[in-house]
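Numbered as in the working numbering, the sequence shown ends at 287 without a single skipped number.
Read the hints as simulated data drawn from the structure, not as lab findings. Please read all numbers here as calculations on a predicted model, not as lab measurements. There's no promise every hint is true.
What the hints assert, rightly or not - Each pair of labels, with its calculated beta carbon distance range: (1) A275 with T100: 15 to 23 Å; (2) T33 with E151: 26 to 34 Å; (3) A204 with A25: 20 to 28 Å; (4) L36 with S101: 46 to 54 Å; (5) Q211 with P46: 37 to 45 Å; (6) L(-3) with G156: 19 to 27 Å; (7) A275 with A18: 30 to 38 Å; (8) H209 with P46: 20 to 28 Å; (9) R256 with Q211: 18 to 26 Å; (10) S41 with H209: 19 to 27 Å; (11) R57 with T100: 41 to 49 Å.
To be verified - Straight line, CA to CA, 25 Å or less: simulated DSS-like cross-link-like pairs of lysine-lysine: (12) K83 with K97; (13) K271 with K83; (14) K270 with K56; (15) K271 with K97.
Even for Gly, the Cβ is constructed at its ideal location relative to N, Cα and C.
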Amino acid sequence: MINPVHLRTLLEVVAHRSFATAATRLGYTASAVSQQMTALERSTGTTLFLRGARSITPTPGALRMVRHAKRVLTDLDALMADVATISTDSTDREEIKLGIFPSLATYALPKLLTSEDWNSLGINLRLWIGEPQQTVAGLGNGGDLDLALIFQVGPGGLSWPASLERAWLGDDQFRVVIPASWPIADDAQLTVDQLAEWPWIFHHPGTSDATLISRLFASYNIHPQVAAYCDDFNASLNLVSSGLGAALVPDLAMTQAPAGLRIVDAPEIRLARSIFALKPENSKKPKVALVLDRLTQILSD
């Protein structure tokens, strides 16, 4: 998923045509800015800059992304401001800092923040939307998150301090998603041999999702054609709808799926990511449990 922090950095880099200047304005090092832009290129599958010995030049893709990023960040700022200014008659308002991964945020936060009694609960919610590695870090030494909702794909790829309390909230099943234009019957049960004939949109190698999916296909001795590498499920779904290839996408990411695609049944492909809540032991904020309970209810609906 795309990190909003990286989008803000992109705006500065494009505006000043310099990693160093952007770093100075944002309080980073030039190396950190360069790493953020590399991560953004990797997550979007797009080359954003032509790098010379002493200069960088934004590509047309970068300029187009800037236009979209301005709208996205404006909406995100409006969301944060709205949450921050919610008024209530309660005298025991409590600030809860919540870390949550993007696809769950897209699904759950609108339901949470628009629930009928939310304004009366006395909660000031501060959000950190990011991938599990980022939110786990926010719970560690020096971090200040009160609660993090993360996912884990398979037994490895993510760890957290033993001092954190963990609660399993459910599983998010992956679905085989194909272009609606492909001539596959709606009630077809597909075999792995049929899947092997398709072009696929995969996560970039090295991520936990990519490793597990690669092992799953390899266990059937399948090495499919890769049409694209993409770490953003929304982008992957749009690529599927355009006819580029098939993809494995979790249910939570399907909430804003575009037209032009459909889910098919492949009984041999069974994959899920487990959703966990993490919080510090002996939390002194009682309303952390209330927020977690509300989010758990939303997930179970």
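Assessment of proposed distance window 19 to 27 Å (beta carbons of S41, H209): 40 Å, violated
C-beta pair A275, T100: status relative to the range 15 to 23 Å that was hinted: 21 Å, holds
Holds or violated: K83 to K97, with C-alpha atoms at most 25 Å apart: 18 Å, holds
Outcome of range test on Cβ distance (R57, T100; 41 to 49 Å): Violated, at about 21 Å.
Outcome of range test on Cβ distance (Q211, P46; 37 to 45 Å): 27 Å, violated
Outcome for the supplied range 30 to 38 Å, where the beta carbon pair is A275 and A18: For A275 and A18 the Cβ distance comes to about 36 Å; the hint holds.
Hint check for A25 and A204 - Cβ pair distance inside 20 to 28 Å: 27 Å, holds
Straight-line alpha-carbon gap K271 to K97, limit 25 Å: 22 Å, holds
Status of the given 26 to 34 Å range, CB of E151 versus CB of T33: For T33 and E151 the Cβ distance comes to about 42 Å; the hint is violated.
Pairwise beta carbon distance, H209 to P46, judged against the given window 20 to 28 Å: Violated: the Cβ-Cβ distance is about 33 Å, outside 20 to 28 Å.
Pair hint K270 and K56, alpha-carbon separation not exceeding 25 Å: Violated. K270 to K56 sits at ~38 Å, over the 25 Å cutoff.
Consistency of beta-carbon spacing, S101 to L36, with hint 46 to 54 Å: 48 Å, holds
Comparing the model with each earlier hint shows violations of hints 2, 5, 6, 8, 10, 11, 14; every other hint is respected.
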